[in-house]
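Asks: Put together the whole structure using the sequences plus the hints.
Residue numbers (this note's numbering): 1 to 465.
Take these hints with a grain of salt, some might be off.
Dumping the calculated DSSO-like pairs for lysine-lysine here, alpha-carbon to alpha-carbon at most 30 Å [claimed, not checked]:
# : residue 1 : residue 2
1 : K378      : K12
2 : K320      : K50
3 : K371      : K410
4 : K378      : K189
No lab work stands behind these hints: they were computed from the structure.
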Amino acid sequence: MEENLKEKLFSKKEDGWKTISEREKEEIFLLSNKYMDFLNFAKTEREFIKKARKMADENGYRDIIEFDSLKPGDKIYFVNREKSMYLAIIGEEPIENGLHIIGSHVDSPRLDLKPNPLYEDIGLAYFKTHYYGGIKKYQWTTIPLSMHGVIVKPSGEKIEINIGDNENDPIFTITDLLPHLAQEQMEKKLKNGIDGEDLNLLIGSIPYEAEGVNEQVKLNILNILNKKYGINEIDFTSSEIELVPCFKARSLGFDESMVAAYGQDDKVCAFTSFEAMMELNKVKNTAICILSDKEEIGSMGNTGMESHMFDFFISEILNKLGVNRPNLLDRVFCFSKMLSSDVDAGFDPIYASVSDKHNAGFLGKGISLNKYTGARGKSGASDANAEYVAWVRNILEKNNIKYQIAELGKVDIGGGGTIAYILANKGADVIDCGVPVLSMHAPYEVTSKFDIYSAYKTYKAFWQE
Numbered sequence: 001m002e003e004n005l006k007e008k009l010f011s012k013k014e015d016g017w018k019t020i021s022e023r024e025k026e027e028i029f030l031l032s033n034k035y036m037d038f039l040n041f042a043k044t045e046r047e048f049i050k051k052a053r054k055m056a057d058e059n060g061y062r063d064i065i066e067f068d069s070l071k072p073g074d075k076i077y078f079v080n081r082e083k084s085m086y087l088a089i090i091g092e093e094p095i096e097n098g099l100h101i102i103g104s105h106v107d108s109p110r111l112d113l114k115p116n117p118l119y120e121d122i123g124l125a126y127f128k129t130h131y132y133g134g135i136k137k138y139q140w141t142t143i144p145l146s147m148h149g150v151i152v153k154p155s156g157e158k159i160e161i162n163i164g165d166n167e168n169d170p171i172f173t174i175t176d177l178l179p180h181l182a183q184e185q186m187e188k189k190l191k192n193g194i195d196g197e198d199l200n201l202l203i204g205s206i207p208y209e210a211e212g213v214n215e216q217v218k219l220n221i222l223n224i225l226n227k228k229y230g231i232n233e234i235d236f237t238s239s240e241i242e243l244v245p246c247f248k249a250r251s252l253g254f255d256e257s258m259v260a261a262y263g264q265d266d267k268v269c270a271f272t273s274f275e276a277m278m279e280l281n282k283v284k285n286t287a288i289c290i291l292s293d294k295e296e297i298g299s300m301g302n303t304g305m306e307s308h309m310f311d312f313f314i315s316e317i318l319n320k321l322g323v324n325r326p327n328l329l330d331r332v333f334c335f336s337k338m339l340s341s342d343v344d345a346g347f348d349p350i351y352a353s354v355s356d357k358h359n360a361g362f363l364g365k366g367i368s369l370n371k372y373t374g375a376r377g378k379s380g381a382s383d384a385n386a387e388y389v390a391w392v393r394n395i396l397e398k399n400n401i402k403y404q405i406a407e408l409g410k411v412d413i414g415g416g417g418t419i420a421y422i423l424a425n426k427g428a429d430v431i432d433c434g435v436p437v438l439s440m441h442a443p444y445e446v447t448s449k450f451d452i453y454s455a456y457k458t459y460k461a462f463w464q465e
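Replies: As structure tokens, this is what we get:
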């Protein structure tokens, strides 16, 4: 009797793998294989948007610029400076009843080249870097790195750079001290073990054979780059070149139940939401998929969510629906619902002391909902109201989707944020809803294939509501 009462009244987090059929397991692994293939191509925000645009075109989406007018069922997108993208399917309901928005980000922590990166020191050539986002700097030394990005000349010619991921390419690395000589270094606090100014990329050591020429190794590197890409040293000043780990996305564990890959924050949510949208046709409320940039550094800039570019996209939809009027944009946002699809900190038993086990996201137990993020006393948080949390729960429960309610670590340990507050400030109901991740912001992050599939099902169900 008591067991039945416990079963009825207790909230429980089940291991998702115990609840699925063999057919569902096959679907989970198929989706994860597709995800890993995507990650191996799309390591940067530019590469993600490039592939997403190609897939959108193949699935019947068209650039909003091509439309003079819009009607229910139309599939549209807008690409913002090749680094962020907004997609929409026009719904059957009047748009003033609100949008159903899922928003993720496609940038990830990395190293960027400085504007004037190239120098030589005692027979070795280096690129100077500036780290992007919150990283543990020591994790980026002594690992293979690849180089991705663009160099743009004053003429407008754009040169794409992708070196290191092909097996036949050279790779690059950042050196570290041998333990025999690192006694002083190892006495430092972990965060100070490697200085940001020492994250210099080793790129060459052969001198250019010429009498009376200084910096011969640097000259040899520039000569190689000039022959291959037609660039000079000054062209680096108008470039965006990112250094990312060479590691391929791989299945992890004897049971292959997890994915290990670079950039899963937040490409795991971006991929699953985008994949779900590619399978949609008719929707009740206009469905919006946001693939944003710059989240890792505060969502600033004209490709981040703090810009007005998203407002411009929605305004263009209102214009081309022929319904726009003063203050309609504000009304649309105020009646909209959003899932801020960003990752959650997965509970790691090795570092259990930083988490509250009763309020943590666990790998393999489904999509993780964060009612609020922020730090300490919810500073900077977007705190979803109870009515909206219940509305989202209803979607998950009636679609038999495993979920867990979590927060980012113990109260006074740290904290974090997402793009949730930006749309909440416009008046939308928002809750963070993403995949738990181990080793977040490291060069190699870990997720559960079950949770990846749960995210995909959640986002699809939300848009179909």
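Asks: Would you mind marking each hint as holding or not holding in the structure?
Replies: Here's how the hints hold up against the structure:
Our distance criterion of 30 Å between C-alpha atoms is met by K378 and K12, whose separation comes to about 25 Å. The hinted pair formed by K320 and K50 meets the criterion: a straight-line CA distance of about 25 Å does not exceed 30 Å. In summary, the hint linking K371 to K410 is supported, as the alpha carbons are separated by about 15 Å, within the 30 Å threshold. Taking the CA atoms of K378 and K189, the gap is about 28 Å. The hint holds against a cut of 30 Å.
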